[in-house]
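Engineer: The residues making up each chain are set out below.
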Amino acid sequence: MGERLCAILQEGTVDMENNYTLEITDVFKHYTQRIKGKNRFRSVKKTVKAVDGISFELKSGEIMGIIGESGCGKSTLAKLLTNLEQPTGGKILFNGVSSEEMLKNDRLQYKRMIQMVFQNPFDTFDPRNNIDKIIDETLKLHSIGKTRDERASITQDAMEKVGLTPVDDYLHRFPHELSGGQLQRISILRAMLLRPKFLVADEPVSMLDVSVRAEIIKMLQEQVRNLNTALVFISHDINTTRYISDKIVVMYLGRIVESGITDSVLHNPAHPYTKTLISNCASIDILEKSNPIKIEGEPPTPIDNGPGCYFAPRCYMSKDKCFKEYPEKTEIEQGHFASCHFINRDNLN
Amino acid sequence: MKLLSIKNESVVYRSKTKNVLAVNNVSFDIDKQDSVGIVGESGSGKSTLALALLKLLPKNADVTGEVLFEDKDLLKLSTDEFNDLRWKEISIVFQKSMNSLSPIHRIGSQMADIYTIHDGSADSDEVKGKIINLLEMVNLPTRVYTMYPHELSGGMMQRVSIALSLMHNPKLIIMDEATTALDVITQGQILNEIAELEKKLKIARIMISHDMSVVANTCRKIAVMYAGYLVEFGLVEDVILNPKHPYTKGLLKSFPPLKGEKGELRSIPGYLPDLSIPHEGCIFKDRCPQKENICLYTAPKTHIVENGRKVMCNFAGGDC
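Protein chains in written order, with my numbering: chain H, 1 to 349; chain Z, 1 to 320.
These are calculated hints, taken from the structure and not from any lab test. Check each hint, because a few of them may be wrong.
Stated by the list, open to error - Label-pair distances were calculated between CB atoms; the ranges are:
no., chain 1, residue 1, chain 2, residue 2, range
1, H, P307, Z, T142, 25 to 35 Å
2, H, F174, Z, H279, 20 to 30 Å
3, Z, K72, H, D123, 41 to 51 Å
4, H, K161, Z, E261, 23 to 33 Å
5, H, K38, Z, N192, 50 to 60 Å
6, Z, K202, H, P127, 48 to 58 Å
7, Z, K202, H, E331, 24 to 34 Å
8, H, F174, Z, K18, 15 to 25 Å
9, Z, M98, H, K36, 33 to 43 Å
10, Z, L75, H, K38, 53 to 63 Å
All C-beta atoms, glycine included, are put in the ideal place defined by N, C-alpha and C.
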């Protein structure tokens, strides 16, 4: 991108340090739900624990993948990070400053620091605005570029960089005139134009065709690497997550059951849930004989979990102990953690 | 033993301003108890092909060619004759069962409704027994009988749809992206169940999916479609291990592996061509990495290679 653009972008940001961390400590998000009680005329209040005590750390330039079945709280976590939902408890710290404090001081700056790419590119944009207006408005809101012309040239540069050429052709089109892959690229571009320090991508390729998926993944990777942005990549597609991420986190019913370096987790899974997920993942290598681990049912709604391990009712190796207490987080190798009673075999008896 | 044989089937959607050639001269056969997976990106005509078999296309679609199902030409049957075939001989499972089930009727009553339409003589107890049987067959608890669709999860609804399709012991089931919207584990569970039921009930299956891995794991044959053409057809082992058409190669490369080297992820550049404009030469020429001059002007013929395998590429025959 042009030098001028860099200068413009730098003006708006407060600190341009290259190293920053996102620290999440024990974040909760509980919703209350009224459900039918024993007395048919009175409903009972229940707490749905969508995100139930999650902690992790993310450094600039890292790509973290979050995998899990639907209903495990992946998307709620994404909303908490981008402040689309307020956490019930716990702290989200950016470089040691809590999100609440930052929001109080400067809402816009917070929003600019952490951007999001959504799942469905067709619903992401206002259908009445053309691409030009969509990008221009974002830039205007965050006061990047003083005049319309300046902003237009920023847009032009950025679009050219990601290969959406001829640019004029795209600028005057409306979202419905573009394909999913093109829209998703514009969505990523719009987020990255603000130079966010963190980017949250919630299933960015699940709505797209297989043939364009690779392109989007590559673009996302490139953009993030160039600007040293930290990326949280949420997906239920394990293959894609493996391809893009450095670290991986496996979630089940609002809790992290396993985390670590991507290949260490996927090639040497310790938690039975991770093992099940991986063994059920279809592979195109038909020579490889796979024996999927079969488990019953689907994840329940996270109401009244525990006191034992949340996965125990579906687990193929659960014992009495699993139903009584929640397993501690144990380190298996360096940086590879899992919460299961079976990791230390002595624990069992 | 052939169950269904599609010969030179073409589908054209006609509108005031243009005619879109959605399926172009597709022919292949399905044996009894066979399973064929159709893959391709969206807009390649997979669903149109399947819906044309069942005559479910809108009125502006013209279907030509021949579809022989046990020596009857499906395209020549009248609506009444065809209604006798639906569910009893051929049934279909749609992608979004939340949209195909009625939200205001209980699962039991809507299933009974379909049952009695095709078998008027059954009394209600018999129907109920049969339906509960079906629900058990797809691993659903019997209480589902009195539940509404909104009370079920995605996986359960998909199972209801599969139970519906099995109702009258069809010989052929068409699954149009039946497991696409589901989670990995649920998808694995359902695919396993389907494979078991297939063996037990001796049915043939056409599986439409854009997920190569699903087809690779559950089907015997694979048909790759691009822009309305059948570009490659053959046994799964042959096609996956030794793809001959550049489009199949591209599709396989855009799939990241779970084990081993990460390698480079490659996508197929470009987009589907506009199917309303007649084109010259190979349909894939604009996106093909190995195109040569001949591809620009000569439309490739379908070459038949070993094991009944078909490849539509200028370089696929022995003559390259």
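Engineer: If a hint holds in the structure, say so; if it doesn't, say that too.
Structural biologist: Going down the list of hints, with the structure as the test:
1. H/P307 / Z/T142: 25 to 35 Å: Once the Cβ atoms are compared, 31 Å apart, the range 25 to 35 Å for Z/T142 and H/P307 holds.
2. H/F174 / Z/H279: 20 to 30 Å: Roughly 27 Å apart at Cβ, these two residues keep to the hinted range, so it holds.
3. Z/K72 / H/D123: 41 to 51 Å: holds (44 Å)
4. H/K161 / Z/E261: 23 to 33 Å: holds (29 Å)
5. H/K38 / Z/N192: 50 to 60 Å: violated (38 Å)
6. Z/K202 / H/P127: 48 to 58 Å: holds (49 Å)
7. Z/K202 / H/E331: 24 to 34 Å: Check failed, 52 Å falls outside 24 to 34 Å.
8. H/F174 / Z/K18: 15 to 25 Å: holds (21 Å)
9. Z/M98 / H/K36: 33 to 43 Å: violated (22 Å)
10. Z/L75 / H/K38: 53 to 63 Å: Since the Cβ atoms of Z/L75 and H/K38 sit about 59 Å apart, the hinted range of 53 to 63 Å holds.
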